[in-house]
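Residue-level listing of the chains:
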Amino acid sequence: MSTQQPAPTRSPATNRIGYEQNVYKGATSTLCAGCGHDSITAQLVRALWECNVDPYGIAKMSGIGCSSKTTAYFASLSHGFNGVHGRAAAIATGSFVANRKLLHVAVSGDGDTASIGLGNFLHMVRRNVPIVYVIENNGVYGLTKGQFSATADKGSTLKDGLRNDLEPVDCCALAIEMGCEYVARSFSGDVKQLVALLKGAIAHRGTAVIDVVSPCVTFNNHEGSTKSLKFAREHEEPLHEIGFVPYYEEIRVDYEPGTVQEIILHDGSRLVLKKLGNDYDPTSREAALVLLEQARREKHFITGLIYRAPEPSPAFDEQLELVETPLAHLPDEFLRPNPEVVEQLNQLWR
Amino acid sequence: MSTQQPAPTRSPATNRIGYEQNVYKGATSTLCAGCGHDSITAQLVRALWECNVDPYGIAKMSGIGCSSKTTAYFASLSHGFNGVHGRAAAIATGSFVANRKLLHVAVSGDGDTASIGLGNFLHMVRRNVPIVYVIENNGVYGLTKGQFSATADKGSTLKDGLRNDLEPVDCCALAIEMGCEYVARSFSGDVKQLVALLKGAIAHRGTAVIDVVSPCVTFNNHEGSTKSLKFAREHEEPLHEIGFVPYYEEIRVDYEPGTVQEIILHDGSRLVLKKLGNDYDPTSREAALVLLEQARREKHFITGLIYRAPEPSPAFDEQLELVETPLAHLPDEFLRPNPEVVEQLNQLWR
Amino acid sequence: MDDHLGLSSQQQATLPVGAIAEERNVPRVNDLVICVATSNGTGSISANLVLARSILQMGVPIGTKNLFPSNIQGLPTWFTIRVNEQGWVANRRDVDLFVAMNRESVFEDLAGLRPGTLVVLNAELADALQRDDLIVYTVPFTQLVGDVCPEPKLRRLVVNMIYVGVVAVVLGIELEEVEAAIEKQFAQKPKAIELNKSAARAGAQWAREHIPPQDFVRIERRNLTTNKIFVEGNTASAAGLMFGGIQVFAWYPITPSSSLAEALTDLMATWRRDPVTGKATYAIIQAEDELAAMGMVVGAGWAGARAATATSGPGISLMAELAGLSYFTEIPAVIIDVQRVGPSTGLPTRTSQGDMLKAYHLSHGDCKHVLLIPANPKEAFEFSMTALDLAQRLQTLVFVMSDLDLGMNYWLSDPLEPPTQPLDRGKVLTAEELDQITEFARYRDVDGDAIPYRTLPGTRHPRAPFFTQGAGHDDRAKRSEKPEDWAGNLERLARKHETARTLVPESLVELATKPTRVGVIAYGTSDLPTREALARLATAHEWHADYLRLRALPATAKTVEFIEQHDRVYLVEQNRDAQVAAILRAEHPHIASRIRSILHFNGQPLDAATVIEQLLTLEESEEEQP
Amino acid sequence: MDDHLGLSSQQQATLPVGAIAEERNVPRVNDLVICVATSNGTGSISANLVLARSILQMGVPIGTKNLFPSNIQGLPTWFTIRVNEQGWVANRRDVDLFVAMNRESVFEDLAGLRPGTLVVLNAELADALQRDDLIVYTVPFTQLVGDVCPEPKLRRLVVNMIYVGVVAVVLGIELEEVEAAIEKQFAQKPKAIELNKSAARAGAQWAREHIPPQDFVRIERRNLTTNKIFVEGNTASAAGLMFGGIQVFAWYPITPSSSLAEALTDLMATWRRDPVTGKATYAIIQAEDELAAMGMVVGAGWAGARAATATSGPGISLMAELAGLSYFTEIPAVIIDVQRVGPSTGLPTRTSQGDMLKAYHLSHGDCKHVLLIPANPKEAFEFSMTALDLAQRLQTLVFVMSDLDLGMNYWLSDPLEPPTQPLDRGKVLTAEELDQITEFARYRDVDGDAIPYRTLPGTRHPRAPFFTQGAGHDDRAKRSEKPEDWAGNLERLARKHETARTLVPESLVELATKPTRVGVIAYGTSDLPTREALARLATAHEWHADYLRLRALPATAKTVEFIEQHDRVYLVEQNRDAQVAAILRAEHPHIASRIRSILHFNGQPLDAATVIEQLLTLEESEEEQP
Ligand SMILES: Cc1ncc(C[n+]2csc(CCOP(=O)(O)OP(=O)(O)O)c2C)c(N)n1
Ligand SMILES: Cc1ncc(C[n+]2csc(CCOP(=O)(O)OP(=O)(O)O)c2C)c(N)n1
Ligand code: SF4
Ligand code: SF4
Ligand SMILES: [Mg+2]
Ligand SMILES: [Mg+2]
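Note that the protein sequences, when read in sequence, are chains R, P, F and L. Letter by letter, the first sequence follows residues 1 to 350 of the working numbering. Letter by letter, the second sequence follows residues 1 to 350 of the working numbering. Letter by letter, the third sequence follows residues 1 to 626 of the working numbering. Letter by letter, the fourth sequence follows residues 1 to 626 of the working numbering.
Just chain R, with the same shape it has in the complex:
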């Protein structure tokens, strides 16, 4: 992919809040060499760094799986929570309402999200909980050694000959149906696109779902798997070239009119989408659903920003009308009514 995005500033040694990229790294990965999940971790590190996220202020949430382990591999200055299988969405929801000032980043597998956790995932989306929710989608249960996940290709086979007769679940389409206002699909190997989409997700306020094809080199990298490295590399069809412009930067490159679409994010940052042939508008839910349906039918592996609501709705903390201070930091006097209230209640109940 060539780039027309705002001229990249030469990567400085530290970001605007003074941290080196290293600060956003974590423990050494214990995943298989070449696992797609590790590339995503690397992009997450970069995106967090480039977005000047407070390295102490991240809540890293996950379920159980190879993918879910990766919360240990980035942002080591922040707390991480590797919970139970399929419940990252629910746990993250609770954590978010307890401390809405933390940037919640959830990393989850396709088994975690599309099988056992499907209901909870969709309801988190419905609540518009501000979480960057990354699905590391390899079409397989990595950690339990290669069973089909719900995003496995129809017709694919296991080593022992077992065939999958079911259509893969499309988490992006379901998220859109549940009202998600930031939905993207990417590929662990498409570094530039993925970083931009992650940065967009960080700047978005509300649930951001990024479904990233992330090859499992051990169990699902064979010829014919649409989740293999080779396939993804050869068949990726980006919807647009995508660049992220933080709120504090001007766009420094001019575009031919009509070739570029700007998506303005919550904090004033922008995603700059440069059209590639087709004329896709990611701000229309209808178009997004049709796009995904066509891609499914024609077995196209499209990537990019699939949907961003033109007018974002209130996020979960706004719906709940939470006080500004994170609940977890409220002092006693906010948490306990005056002793007289006890007497008032007694009176009421007499």
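Simulated from the structure, these hints should not be mistaken for laboratory data. There may be inaccurate statements among the hints.
Said to hold, decoys possible - Reference listing, derived: stretches of chain F covered by chain P, where coverage requires no fewer than 3 residues with Cβ under 8 Å from a Cβ of chain P:
#1 65 to 74
#2 250 to 258
#3 283 to 297
Just so you know, these numbers come straight off a predicted model, no measurement behind them. Beta carbons: idealized from backbone N, C-alpha and C, even for Gly.
With chain R held as given, fit chains P, F and L with the ligands onto it using these hints.
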């Protein structure tokens, strides 16, 4: 609604297999007088009778809720299973593979299906388990006294002033995304349409989802509720007039060409859709998704056959390559390999 | 025995139960049971509460039991008021005054009554009367309601207030108190007050004109309820959570715990919004299921909030996996289990103590949780508050084991008292504190109480972060599969449970008036009927036993000593499997064989007669084989 | 103590464990432990199995333990082969011959070895050797593999077969048996056979040339494994399900039960397709979660199929609600719980018996389930079959309580025996049978065994249908909230559990050679190490005890009598909370105080030394305070 459907045969006292409609009834309902669920039960009784379903051969499945109680109120010659909250889909799946010759009819609430059971419901759909799955959708938890369900209207309020800030879940759209090949929406008060859709579902082989708005007269019948009797009655927008022609009957009425669409079902029965103004084609997934999205946006209460796959895929029992005889009826010799096999295994493991 | 009323126990009574006055011309005063049979969904609850409150206002203690079906409208429902000036207001099986308003149940209702019962019978049900040993007042309700209520639509509701008037006259309840109770009941709907008052008056008027004074039972003014409150346990629990500083409450509707969540929603909206901005200092989330509810609680607890959920049996089953996560990752969490009858769906509208063992060990693997067991609304309030503190202190899951009887019935209770201690925030290290120490090890037992220190996400200190996982870890929270790390951690968790043993609410002991080698233990809502039974056994049978009320698990040293000090101890439980006995026997095998069980598990609230019957039978067999 | 290997117990050994030959010039024969340390995902399993099988083929009993991390590739993994001609092949803590192939663990590995241990050390790791009390053979594996394997990509796999050759020579394993084992191992991949053989030969060759004969340990041909099979417990369970006539199997992947489902999938595809049509006489469904898996099992059981699932700890937590549904609606169901270390995620690749209490009472409310507890592959086969029968017979949920040690390790076992009885279909009434009777009451105890009759959906008879519900019902399956219906039904279910007590596999007793007042009880995979401990205690310490192996819960009368007949009984369990002791104490309080616990819960398979240490310590304290 006026009718152009095949001239109705005068309801005979008995159906083609010799049973009176009464035979398809069940215990007396203990629901509130006027509850929409009771109307649906009545239409189910009629559809089963008119479809000449073996009254002994039905498996009635449900979760927990007012809606789920209704499996006691029809087909009293058949076994019913009022399981646990949200798991009707899973339980029915198990029952179906055990005895694929039984007609599986599941009745479930919106709480049951769209909240606690959402994941299991969607995965049942994905497997294309042959089940007539009726959602009795009242936007409320009836049996637990009126809390919001996940299909409650955005902005609606409870008695104590609590407001629902969330968009309703659209089970039809989700079902289509999961590959459901028979998806319909109706209203408990639209007797004719509902019976036709139920009959179509009975004749369809594969999961058939019918989302029926079913007013809860006790907790969600107030002014402004889109699930109230009054609202549904006044705002229903049928996509088409719909008639069911069993496989053994000829259509006896001629239509002007182009005014009617015929959907041929598994057993040769047909749904005859008479167009009403708009030109909706229920055999296009894309069109169905767009339709539902528009209806959502414009807050239209459209009813009718929303989607039927032009070429149905293998149902779950075909995917599993099950023997013809229901598994539950197989004699010992099919279930236990010869004693020599034990020795062969021993040999293998020596 | 009126079994179909659900007023009997699984065993038939063999002893005289109500102290029926033998001399019929001296009415029994302030010792009776009123039962009203109506149809579910007809709004009779208001009338019944007015009746109950008017007695209370006369200074006489009462207890109420609302027996309703798992149905929204139309099935039979019974409301029972026990009046007893000694304060014995637990369930009692037999009825002194019966109000028959429901056709569906009236045949069985009447057939089940004790001879001599007073009956207020709706004239429209007169055909159901097929015996002549009852004292029946047939009241023309339809006619009376027509007179007071011109609006036909309202008559179904208003008719109930007429029987209140009738009953008031029959029993000697002062009409002024009825009217005051109506004012209280309809404080939010002033328009309804006058109409209801006139209905009550009409009933009273009719009664005065048509019913001769009876000399069986009477209510007389006393001074025994001053200052008491009359409240449902669930409401009190909700208040406890509020004063406990709850920040995140996630729930999924289920009878009988929904009303706790709903009461909390109301209370918090009034008292826990920031007075300046009007914003909420809390989040109440109706989750999509119990898995999510518990997930949210655990997530919130992790992030530093005081978080709880309320549920019932099926809910705790679904929360099992996450309960183990809370235990093992040492995240504070609170579950209020308002127990209903299980297993499975069971009887959602009936009471039980059937989740005790389940909650104690909830989740796979080696888990033991802390259980607080309130017996009345005051304790429901206190223990809900304490649970939030203890969860923080112990960094673990704490249950409050309430039940439907406590949660959904109105109880006469001592008034709530404001908390005297600040919120316990537990062992949380701030960035400043981290500066003072050289090492932070999340799961290390620094203080010898097996409770480690934690930091909250977002703490701006390089030593603060740690990785939380349900998988094996060393004391620095690093993933570990080493045998000694696993075993060491699990042993520490066991020791932490021993610390909990010293922090939970202490058992309460009441010694018998005479020295005895026999003890009785009860917990939760078994307390009141058990104490009544003991009082009665002492008076009527000269049988004495020391009494201990268990208020928490793990059992405190005092509880174990109590058992050690008695030859045999009867443990009263409202479940089939003697669940608390199982826990005590497992943990304290040396006293296992001293424990005998008194079990009651038919969905009815426990009554003293059941305790007495089983106790005497067991004591008899004890004497036979010494 | 090589703790980091995970070869130690939570307590350090205080007794001499391996019977180390004092005279070093007489090698100890057929009594040794080999441990191979490699890196996960390098395919060393094939080599290790070849090594194990070649010893087996020499007629010498072995046991293997594969200690692997919860990781797919790269973390350390240890494979242990215990060789013992007495058949004591359970875990033993110390190692006689160590093969060091993994850099990541080599420092700790070597540091942890007992002085005098033989070490086959990869020359590339020579720098890690920092002690001189080991007998080290430094092998240039890289060079050797280069010679035999021209294809660089394959070398990582083939190198493992080289150490097999080396070890064979060092221990005296016949090379012909190694080659035969290679042929067996690679039967499906004939191309690999020659390559592996030459690798083994190269290793042997090098060893013969460079390693002087040692006189510490040796393997010699015997005749002790004839007819035995060598198989994983999960595979045997799968075969049991197949012969048990399973029709519906629904599962969700989880270590360590996945391989059971996968083995079943393979077996059924071969043996359970209709020979004529090729169609399946069964359904195996990978569900979307454990809730669905259990839902499918219950649904299938309801519709008349023999249905089961296999899972581990987190799975049974999630299945809790549906387990109660099965219990209460009396629907046959089977759960095979291949236990791993909990609570929470725990140690997914480590073994435990930590779900016993949980499974026994799974679900809210009063529930008790039937548990079968296999101790070896033969029983895994039999009990999986029996479980399906018993579930039909008792119309309830039956657990098979396996564990990771049994399920995922290869065990030497007696061969499987074909079933002798036809499938038990339980009390199912057909339409014809319904014709013979006047009334069908689904939940009535007709036969006095508390097991009711049922009909299957689809039965064409007007008396056949009934309504299944988890809510209260009368004996005709009609919804009921009546107290006596509820209590009566629950009492019958308790009686049914007593019937189960008489139907489950009986305990096995081995009396001590001398009369003794002391008993020992173990179950499941604790059997072998416990018996080894007893044998050793008898020989070395003149300490004798009677032994009972519990094979099921509820405990049979024989088990209870065994405890009654002994002053004290040591119950060996691989969990922290003495979970089976808890069950026995709760149900049989009169023997509660006789039970003492020997507990092991560090994730390692139990070893005899742990039993001996704890036993002797407890016995000592027993003597001190008589
Ligand atoms: C309740 C429960 N069931 C099953 C498991 C076993 N398990 C661990 S990870 C996993 C699936 C992992 O697949 P996925 O989410 O796609 O992550 P990946 O490893 O492929 O990245 C499963 C089934 C578990 N830990 N908990
Ligand atoms: C696990 C579990 N959680 C909660 C409940 C309580 N409950 C019973 S019915 C119901 C919801 C009913 O709503 P819906 O499915 O919409 O059916 P409706 O009554 O409206 O027809 C709930 C939450 C339960 N029975 N089981
Ligand atoms: S098994 Fe697959 S998903 Fe897991 S670490 Fe290895 S490559 Fe990645
Ligand atoms: S509460 Fe609502 S849903 Fe339930 S029976 Fe009554 S009207 Fe129907
Ligand atoms: Mg995956
Ligand atoms: Mg509903």
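Results of checking the hints against the structure:
1. For the segment 65 to 74 of chain F, the assignment as covered by chain P holds, since 5 residues bring a beta-carbon within under 8 Å of that chain's beta-carbons and 3 suffice.
2. With a threshold of 8 Å between beta carbons, the proposed coverage of the segment 250 to 258 of chain F by chain P holds, since 5 of its residues qualify and at least three are required.
3. For the segment 283 to 297 of chain F, the stated coverage by chain P holds: 4 residues have a C-beta nearer than 8 Å to a C-beta of that chain, and at least 3 were required.
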